[in-house]
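Going down the list, the sequences are from chains G and S.
Residue 20 in our numbering is what sits at position 20 of the first sequence, and the numbering runs on without skipping anything.
Residue 333 in our numbering is what sits at position 262 of the second sequence, and the numbering runs on without skipping anything.
Don't take every hint at face value.
[To be verified] Derived DEER-like restraints, expressed as beta-carbon distance ranges:
#, chain 1, residue 1, chain 2, residue 2, range
1, S, Lys436, G, Thr11, 29 to 35 Å
2, S, Gly255, G, Glu18, 34 to 40 Å
3, G, Thr42, S, Thr450, 47 to 53 Å
No lab work stands behind these hints: they were computed from the structure.
Where a beta carbon is used, it is the ideal one built from N, C-alpha and C, also for glycine.
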Amino acid sequence: MDLKVNPIACTGHGMCAELLPELIAVDEWGYPLIDPRPVPYTLERDARKAVAACPTLALKLVRSEEPARST
Amino acid sequence: MTTALDDTADHDTAPGGAARQGAAGLPRLLPQAPEDLQAHLSRYGTVPYRGRPKILIGDVEASGLTGRGGAAFPVHRKLAAVAGARGGRKVIVANGSESEPASRKDELLLRIAPHLVLDGLQLAAEAVGATEAHLYLHAAPGPQILRALAERASRRLDPLPVTITQAPPRFLAGQETALVNRLGGGPALPTFQPPRVSERGLGGAPTLVQNVETLAHLAQIARYGPRWFRAVGTEAEPGSMLTTVYRPDHKTEIHEVPTGLPIRALLGDGQETQAWLVGGYHGAWLPLPDAAGLTLDRASLRKYGAAPGAGVLAALPADRCGLAETARIVGYLAAESAGQCGPCLNGLPRIAAALNELAGAGHRKQTRADLERWAGLVTGRGACNHPDGTVRFVRSALRVFAPEIARHARGQCAARNRKPFLPLPNRMPTSEQDWI
Chain G
1 MDLKVNPIAC TGHGMCAELL PELIAVDEWG YPLIDPRPVP YTLERDARKA
51 VAACPTLALK LVRSEEPARS T
Chain S
72 MTTALDDTAD HDTAPGGAAR QGAAGLPRLL PQAPEDLQAH LSRYGTVPYR
122 GRPKILIGDV EASGLTGRGG AAFPVHRKLA AVAGARGGRK VIVANGSESE
172 PASRKDELLL RIAPHLVLDG LQLAAEAVGA TEAHLYLHAA PGPQILRALA
222 ERASRRLDPL PVTITQAPPR FLAGQETALV NRLGGGPALP TFQPPRVSER
272 GLGGAPTLVQ NVETLAHLAQ IARYGPRWFR AVGTEAEPGS MLTTVYRPDH
322 KTEIHEVPTG LPIRALLGDG QETQAWLVGG YHGAWLPLPD AAGLTLDRAS
372 LRKYGAAPGA GVLAALPADR CGLAETARIV GYLAAESAGQ CGPCLNGLPR
422 IAAALNELAG AGHRKQTRAD LERWAGLVTG RGACNHPDGT VRFVRSALRV
472 FAPEIARHAR GQCAARNRKP FLPLPNRMPT SEQDWI
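Sequences and hints are given; from them, build the entire structure.
Below, the structure is given as C-alpha cells:
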C-alpha cells in the first residue's frame, strides 16, 4: 500500500507525522513529507491509524503498483 | 473581465496577422484575413462527420496530434477515454481561456479562423459521443466567434449547440479541473485528481477538454488525414503549432510553424539577445549561445528541462536584467497560486521574495540555500502543476543568470534598460471574487 495525501484537503495538523514518524515528516510549514515508497507490512497498522486520525481526511492508503518492502 | 497586456511592458505591437512561413503548406490554421462561413466552407468543404462515435479516433492516433494548450498530451488517448467512459451524458469543452499572460495565439485563432475551431469541436463531440458542448473563453466573446456561431445556427450546421463561458483572468483558470469547476458555476480553482475529468468531470459526466488550437488541427486531420498532418514537423512530434513570439526588437508576432523548427528562425541568431525563454512562465530560460542550435520540439529541448508548451517564445534583449525579469514574473506566479495547497501557498511567496532579494543589490548568504530548499519543498506537492512549473522557470533562471546573480551580489547589474520586457496582466489578483 502507498500513503497519499490530498494537498488541498490537508491543513497541516501534523497528526500523521506524530503517529507515523517512520514514514512521515513535516516540512518547515507543518505539511507532511511522505516517504514515497510502499508502506512496509510491519507499519501498515500504524499507517491505518494515521489515516484514521487525519482530521481533514486528507491522508489515504491506496493500493500500490510495487510490492511492499519487507523491512 | 479582460486582461489587457501590461502597457508598461516594452513591445511595439500587439499580435497581428499570420506571418508566412517557408515550410510547404503553412500556415494551415491561419488565413490571411478572418473567414466567414461561406469562405470557410468554400476553402474546406463541409464538416466531414464519420456517422458514428469513435471512428475518427484512429485517424487522430495515426496523426500523432498532441494537445496544443501546453501539456502536449496525446489527443487520441483523451478521446478514447471519454468515448469509452460509461454514462449517457458526456461533455466536450473547447478551451480558449489562454490564461498564460504571454500567449496570444488562441485569441488570434478564434478571431480569424473561428469555424475551424467549431468544426473541430463538433467532430470531437461526435468521436466521443458528447451530448453537450462548451466554449471556454479568456475574455468576453469577440464579434467573430459570435457571428460564426450565429451563421452555423442559422444553417443548422451543428448537431450540438455551444454554450460560451468566460474564464476569470487568472493564470490557473484554464487548468482542466479549474475549468470544470467554473463551468459548473463555481470558482475556477483546481481540484485534486483522481478522478480525472475524462472519467468524472462537469456535473459528474465524462468530460473532454481540448485546447482550441488542438481542435482546429483535429478538424483538418478529419478532412485531409493523418499522412497530410505528418507532412510537416518531426517524425516523433508531427504537425505544426502556433507560437507567440517576443522578438528582441520588441515586436510581438504570432507564427504557425512546423515542430522541430530551429528556434533561431523565430528569435534571431542571438545577436543583441542574452537568453531565450521557451514555453512561457512555466517554461525555461535557455542560455545563449549554448542553446542557439536547439529546435522547437520536446526531444531537443528536454536536455535543458524545457518544452515548447503553448508556444510562447521570448528573446530577452542584451540590455535587460534577466534576474529582475524572473523576479517580476515569479511575483506574479506566487500571487496566482490558488492558495489551496500548503506547500504552494507557503513556498511560492518565499521563493518570489528570495528572487527579489537576488535581483536587488547584495543578498544574505543563506538566500541561495533557502531558495534551493523551498524549490525542492514545493515540487510535486501541489494538486496541480503550478508549483512544479514555477520551480522549473526559477531553476532555469538560477542556471542561466548565474553570472548576473554574482554581479548583483557585488551590488552591480549589467542591465542598461530597466523597463519590464515580459508581459503581465495589468490587474493583479486582489480578492477571492477574482476566481469567478
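Evaluation of the provided hints:
1. S:Lys436 x G:Thr11: 29 to 35 Å: 33 Å, holds
2. S:Gly255 x G:Glu18: 34 to 40 Å: The hinted range 34 to 40 Å holds for Gly255 (chain S) and Glu18 (chain G), with Cβ atoms some 37 Å apart.
3. G:Thr42 x S:Thr450: 47 to 53 Å: Check failed, 29 Å falls outside 47 to 53 Å.
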